[in-house]
Structures are given as structure tokens and as C-alpha cells.
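Chemist: Sequence:
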Amino acid sequence: MAENNQEGEQLLEVTGRPRYASTNSIEDLREPQNAEAPISVEEWLPAGLQIYAAKFRENGFENTTFISMLTERDLKEFEMENNSARRNLLRMIQSLPESTIPVDITRNTTTCNWLKAIGLSDYERNFNSREEKTVGDLVDLKPSETYIKENFDIQKKGHIRKFLEALEHFPTGGTIHMIPIGVGFLAIIFSIMIVNWAHLRFEKTITEIIVFIILIIVILIGLICLCIQGIFHPKKYSVKNYQKKSLHISFFEIKLFALYFFGSCYIYHSALHAYMHCSSGHVLGVIFNGLTICYVFFLFVYFSSNYNLTYEKTPKCLVLAIIVSNICLWMDTIFSELMDLSKPKNDQNVSSVENITLSVATAEDLIEKTDPFLLPATIEFFLITIDVLFSKKENVQEGISSTKINTCRCTTLLHSLSQLLIFILCFTLFSFTFSVVVTNPEKKSYQSIFLTYDILQLILKIIALILISFICINKFLKKATFKFSASSNILLISYFGNIVFHVLYLFALFHGEVIISIILFADNIISIFMGGFQVYVILGFNSKNFVQQTKCIHFICCLVGMINLGLWISDSIGEENRPVFSFVLSKVYGQFIWKVINKLILPLTIFFRFHIGVHFLDLYWERHLLPRQSR
1 MAENNQEGEQ
11 LLEVTGRPRY
21 ASTNSIEDLR
31 EPQNAEAPIS
41 VEEWLPAGLQ
51 IYAAKFRENG
61 FENTTFISML
71 TERDLKEFEM
81 ENNSARRNLL
91 RMIQSLPEST
101 IPVDITRNTT
111 TCNWLKAIGL
121 SDYERNFNSR
131 EEKTVGDLVD
141 LKPSETYIKE
151 NFDIQKKGHI
161 RKFLEALEHF
171 PTGGTIHMIP
181 IGVGFLAIIF
191 SIMIVNWAHL
201 RFEKTITEII
211 VFIILIIVIL
221 IGLICLCIQG
231 IFHPKKYSVK
241 NYQKKSLHIS
251 FFEIKLFALY
261 FFGSCYIYHS
271 ALHAYMHCSS
281 GHVLGVIFNG
291 LTICYVFFLF
301 VYFSSNYNLT
311 YEKTPKCLVL
321 AIIVSNICLW
331 MDTIFSELMD
341 LSKPKNDQNV
351 SSVENITLSV
361 ATAEDLIEKT
371 DPFLLPATIE
381 FFLITIDVLF
391 SKKENVQEGI
401 SSTKINTCRC
411 TTLLHSLSQL
421 LIFILCFTLF
431 SFTFSVVVTN
441 PEKKSYQSIF
451 LTYDILQLIL
461 KIIALILISF
471 ICINKFLKKA
481 TFKFSASSNI
491 LLISYFGNIV
501 FHVLYLFALF
511 HGEVIISIIL
521 FADNIISIFM
531 GGFQVYVILG
541 FNSKNFVQQT
551 KCIHFICCLV
561 GMINLGLWIS
571 DSIGEENRPV
581 FSFVLSKVYG
591 QFIWKVINKL
601 ILPLTIFFRF
611 HIGVHFLDLY
621 WERHLLPRQS
631 R
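Under full-length UniProt numbering, the residue at position 76 of the sequence shown is numbered 76, and the numbers go up by one with no gaps.
The reader is advised that the hints may include incorrect statements.
Simulated pairs of lysine-lysine, BS3-like, Cα-Cα distance not exceeding 25 Å [claimed, not checked]: (1) LYS149 - LYS116; (2) LYS55 - LYS133; (3) LYS369 - LYS55; (4) LYS142 - LYS76; (5) LYS587 - LYS599; (6) LYS133 - LYS76; (7) LYS149 - LYS133; (8) LYS55 - LYS76.
Just so you know, the hints here were simulated from the structure itself, not pulled from any lab data.
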């Protein structure tokens with residue numbers, strides 16, 4: 001203990017005193033005297049921390065160009081156990097100027113010149129026999145960390161990180177011109193759906209046929225692109241990585257599992273509609289739903305087979321096809337629910353009525369009973385697919401070894417009891433909701449029973465608001481900056497739907513009973529604040545200049561994540577069946593607006609719970625379950 005204190009005092013004496021500085025003022029120590037020339041790690045490190053210089057060099061952080069990319073996790077991997085020294089080094093790292101790419105470096109710059117510009121000229125010989133001759137070739141390649149190690153023979157962490165960071169400065173080739181193509185195509189489809197809805201110039205059957213034909217073409221394009229990817233860009237596994245795959249758990253795998261689950265629900269949803277169309281002789285409806293099932297299945301195959309590749313060069317057309325196909329399917333789901341596009345039409349022909357009486361009625365009954373559960377899952381599938389698609393591009397699938405998980409998951413009794421309490425509350429809410437919804441077909445008969453549901457939800461939301469407020473008051477979020485990513489944009493879209501849902505709910509409550517209105521008023525107000533705080537924290541944790549926080553903060557993330565997933569499950573099966581939602585909202589806003597809320601806004605709100613819950617649990621696992629040498 002005495003030795004540790006003595007070491008701490010010695011470190012404090014030299015903290016913030018890099019060897020290139022000749023002043024005692026900490027403000028003067030933040031940047032090198034010559035900002036253009038990188039400072040070697042031996043010069044930069046304080047005298048009391050010179051023992052770590054070898055570790056820095058061994059991992060590829062030999063000068064300030066690379067040191068500026070270090071995180072607290074890296075310092076722990078260097079076995080720097082002294083907290084005060086680590087904190088002071090982090091402050092010094094954050095004060096270093098961000099690395100920039102010279103303006104004369106473009107996509108057409110040769111690979112060798114680019115390597116010199118980013119301080120990796122030692123690897124020029126590794127690229128002499130490579131096909132990638134320019135920076136643009138590397139950008140389009142989108143190499144993963146494993147690919148860089150195996151094909152470019154760059155092994156040091158700092159050098160790999162610098163390599164990937166430098167590539168991020170360049171836009172992906174072909175992306176800009178594809179954006180207006182994709183958006184324009186979607187706008188045309190959306191417009192045709194509205195024309196079909198309004199019956200402006202054509203008969204309803206004609207516009208319906210046009211919509212189905214366009215949707216079939218879009219799905220076929222998506223299927224063809226997936227097949228071409230599988231045929232002409234076969235996967236190339238590394239045996240080493242393939243053997244390790246079964247030992248890894250990651251945030252990406254959690255998203256992938258969610259994609260499989262929601263996709264399976266969508267397959268079942270499409271199968272029911274295909275059965276209904278088949279019974280009524282609606283050929284285009286059968287073809288469309290059959291192709292949709294194939295498309296979802298091929299997406300499963302694509303994501304599972306391309307998950308752990310050592311080489312991945314996804315064509316831009318495939319990315320565009322998946323995005324456009326998913327958005328078109330989403331629009332079809334929404335419009336189908338709002339205007340009964342997917343239902344067979346009865347032309348008041350006697351033979352037609354006899355034809356559809358039994359089988360179609362059975363299919364419609366199944367759809368009506370399962371839609372409250374399947375529709376949110378279909379919306380979630382479209383969003384999570386795009387999220388996973390871009391998560392692969394951002395290389396977030398960093399695995400953790402299940403054999404090296406820290407055994408001290410909950411070392412204190414308070415942590416264990418807190419998790420147990422939250423789990424009991426969430427399970428009680430789920431059990432109550434499930435039993436009421438399943439055993440009570442008459443919605444009007446259990447308005448008072450759902451008061452318990454509302455109270456349980458309110459309790460969980462109050463707990464979550466208190467916990468998330470504790471994180472928000474910490475100073476580390478004040479310097480956070482927004483980091484653009486597909487995941488953050490999906491989060492913001494679902495957050496937008498969440499706010500709209502609760503605001504519309506609030507205005508409708510003035511027409512309800514006093515006691516229920518007071519409870520639900522508090523519930524929706526808390527939900528609005530809770531959602532905003534949670535998005536703020538998630539974006540802050542994902543910020544580029546985020547610094548790791550204490551275990552307490554991350555344990556709170558665990559509790560908030562559990563609460564959100566509990567609310568997600570209960571909302572998925574119970575929200576649409578709430579008497580206030582089913583009757584009051586439809587009475588206040590009318591059938592059309594109520595259908596929009598029910599079929600579009602509510603699924604976004606439910607997905608928001610899931611997305612937030614998984615994010616918070618990932619933040620907890622990252623701090624408590626990851627071994628020191630991972631991620």
C-alpha cells in the first residue's frame with residue numbers, strides 16, 4: 001500500500017509534464033511547440049511514466065500522431081493501473097491536435113504517397129504487388145481490421161487504427177450519385193401509392209395492379225442483387241477466425257439475432273397474406289408475398305454468411321437495393337393497413353363471394369388476430385436491417401471471448417438486488433399484460449384492469465427517469481459531439497415517432513376519465529423526458545471524444561436497458577389493446593388518424609424501446625464484461 005501511494009505521489013508530481021515542455025503551466029503543455037512535427041512517445045511521456053514507452057511502441061503508438069487516438073481502454077491494456085496517472089494522460093491525449101490529411105491527398109493519390117502522408121511509409125513495400133494502387137481503391141475496398149492484418153501485413157493496433165481513420169476522410173465512391181437515384185425512385189413509388197389511395201384518375205383495380213407490379217420489380221431487384229453477391233463475391237473465410245466465431249458475443253450479434261427474430265415474424269405475416277390472396281385468386285398478391293418471403297430469407301443468408309469475412313467488398317448497388325427494397329416494403333405495409341390494399345376485393349359477384357367465404361374469412365381472421373403482434377415486428381425488421389447493414393460497414397462487430405469474460409459481473413449485493421428488482425417488475429408487467437390480452441377477448445370489459453398495467457409502466461418509467469437523470473448530470477456529456485452513423489439516425493427516427501406518439505396521446509387524454517387521465521398524463525410526460533434524456537446519453541456515449549466513465553454509470557445503463565426491454569415487450573403485446581388507445585384515441589382523432597398512429601407511430605415507439613434497451617445493455621457489457629485485452 002505504501003509503495004502504491006508513493007508511486008501515486010511521484011506520478012502526480014510529473015503529471016502533465018511532457019519532456020518537450022519547459023514550463024510548469026499546464027496550459028502550455030497541451031500542444032507541442034511545433035504542431036507540424038510529431039513528438040516521439042519518449043519525449044511526450046512524463047518522466048515517471050517512461051516505463052510504458054515500450055508498450056506504446058509495441059502497440060504502434062510511437063509518436064503523438066498515433067497517441068492522439070488512444071483511449072482509456074488502451075491505457076488499461078498497457079497495464080497502467082494507477083487511476084490518477086491514467087486520468088492525467090487522458091487529459092494530455094485529448095489536448096493533442098486531431099490528425100489531418102493534407103489537402104493535396106485525394107482519391108486519385110497513389111497508395112505510397114498516402115502512406116507517407118499518414119506516417120505509415122514503412123509499409124509501402126507491402127502494397128507494391130497489390131491491386132489497390134490509389135486511395136480510392138482502398139476506400140472502395142472497405143477493409144476490416146482482420147483483412148488489413150492478413151493482406152497488408154500491418155499488425156500493430158495503432159497503425160491499423162490510423163489506417164482506418166485516414167480512410168474515413170474520403171467519401172465512398174459512387175455514393176453521391178446513388179442518393180438522388182434512390183430517393184427519386186422511392187418518391188415515385190410513394191406518389192403512385194397515394195394516387196392509388198385517392199383514386200384520382202384511374203380505377204382502383206388499375207392503380208392497385210400498378211402498385212403491385214412496381215413492388216414486385218423492386219423485390220426482384222433486391223433478390224437479384226443478393227444472388228449476384230452470393231455468386232460473384234463468394235465469402236472467403238479465415239480458418240483461424242472461423243474457429244473463433246463460436247466463442248464470440250458482440251453487440252452486432254445481438255442486432256443480428258433481433259433481425260432474425262423480426263424477420264421471422266415478417267415471413268409469417270407475409271405467409272398469411274399470401275394464403276389470403278391464394279384463396280381469393282389474387283395472383284399478383286401471391287407473387288409479391290412469395291417474393292417477399294424469399295427476399296427476407298436471402299437477407300438472412302447474406303448477413304449470416306458475410307458476418308465474419310476476411311474480405312468484404314459490398315457493391316454499392318447491393319446496398320442501394322437493400323435500402324430501397326426495405327423502404328418500399330415498409331411503405332407497402334403502412335399503405336396496406338391504411339387502405340386495405342393487401343385485402344382481396346369483393347366485386348359483389350355471387351360466385352366470388354362463395355369462393356372467398358371460408359378460406360379468405362379464415363385468413364382475414366388470422367391476420368386480424370396476429371397483426372397487433374406482427375406489425376410492430378415488421379416495422380422493426382425494416383429498421384434493424386438498415387442498422388445492421390451499416391453496422392457491418394462501421395466495423396462494430398468486435399467480438400468478446402466468452403471464455404475470458406470477467407467473473408466479477410455484480411460484485412456487490414446492491415447491484416444484484418437492483419437487477420433482481422428491475423427484472424421482477426418487468427416480468428410482472430409482461431405476465432400481467434400477456435394474461436389480460438390472451439384471456440380477455442372483449443377489450444371494453446377490462447378498462448379498469450388495465451389501470452394496473454398503467455401503474456406498473458409508470459413505476460418503471462419513473463425509475464428509468466431517475467436513473468437516466470443521474471447520468472445526464474455528469475459533466476462528461478457536456479463536451480460530447482454528434483457522430484454521424486446509420487445507427488444514430490435510426491435512433492433519431494424512432495425517437496421522433498416516440499415523441500409524436502406521446503404528444504398525440506396527451507391531447508387525447510382530456511377526453512378520458514379523470515383518474516386514468518391523470519396517471520396516463522404523468523406516464524406520457526415522463527416518457528417524453530425519459531426518451532430525450534436517453535437519446536442524449538446514447539449519442540454522448542457514442543461521441544468521438546467520449547471518455548470512459550465509472551462502473552456506477554455503466555451499471556445504471558444495465559438497469560435502464562432492462563427497463564426499456566421490459567417496456568418494449570409489454571408495449572408490443574399490450575399497448576394497442578389499452579382501452580384508452582383503442583377507443584379514446586379513435587374517438588378523438590377519427591379512424592384515419594387513429595390508423596396512422598396505430599400502424600406507423602406506435603411501431604416506431606415500440607422499436608425505440610428496443611433500440612434504446614439494446615444500446616444501454618451494450619454500454620454495460622462493454623464496461624463490465626469485456627476482458628481488458630478486447631475491443
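Chemist: Is the straight-line distance between the alpha-carbon of LYS587 and that of LYS599 25 Å or less?
Modeler: With Cα atoms ~16 Å apart, LYS587 and LYS599 stay inside 25 Å; holds.
Chemist: When you check the alpha-carbon spacing of LYS55 and LYS76, does it fall within 25 Å?
Modeler: 11 Å, holds
Chemist: Between LYS149 and LYS133, is the straight-line Cα distance small enough, at 25 Å or below?
Modeler: Satisfied, since the Cα-Cα distance of roughly 18 Å is no more than 25 Å.
Chemist: What's the verdict on LYS149 and LYS116, does the C-alpha distance respect the 25 Å limit or exceed it?
Modeler: Distance of about 19 Å is within 25 Å: holds.
Chemist: Decide if the proposed pair is consistent with the structure: LYS369 and LYS55, CA atoms, cutoff 25 Å inclusive.
Modeler: 62 Å, violated
Chemist: Are the Cα positions of LYS133 and LYS76 separated by 25 Å at most?
Modeler: 37 Å, violated
Chemist: Does LYS133 lie within 25 Å of LYS55 when you go C-alpha to C-alpha?
Modeler: 33 Å, violated
Chemist: Assess, step by step, whether the Cα of LYS142 is no farther than 25 Å from the Cα of LYS76, and give holds or violated.
Modeler: 29 Å, violated
In summary, the structure is inconsistent with hints 2, 3, 4, 6 from the numbered list given earlier, while agreeing with the others.
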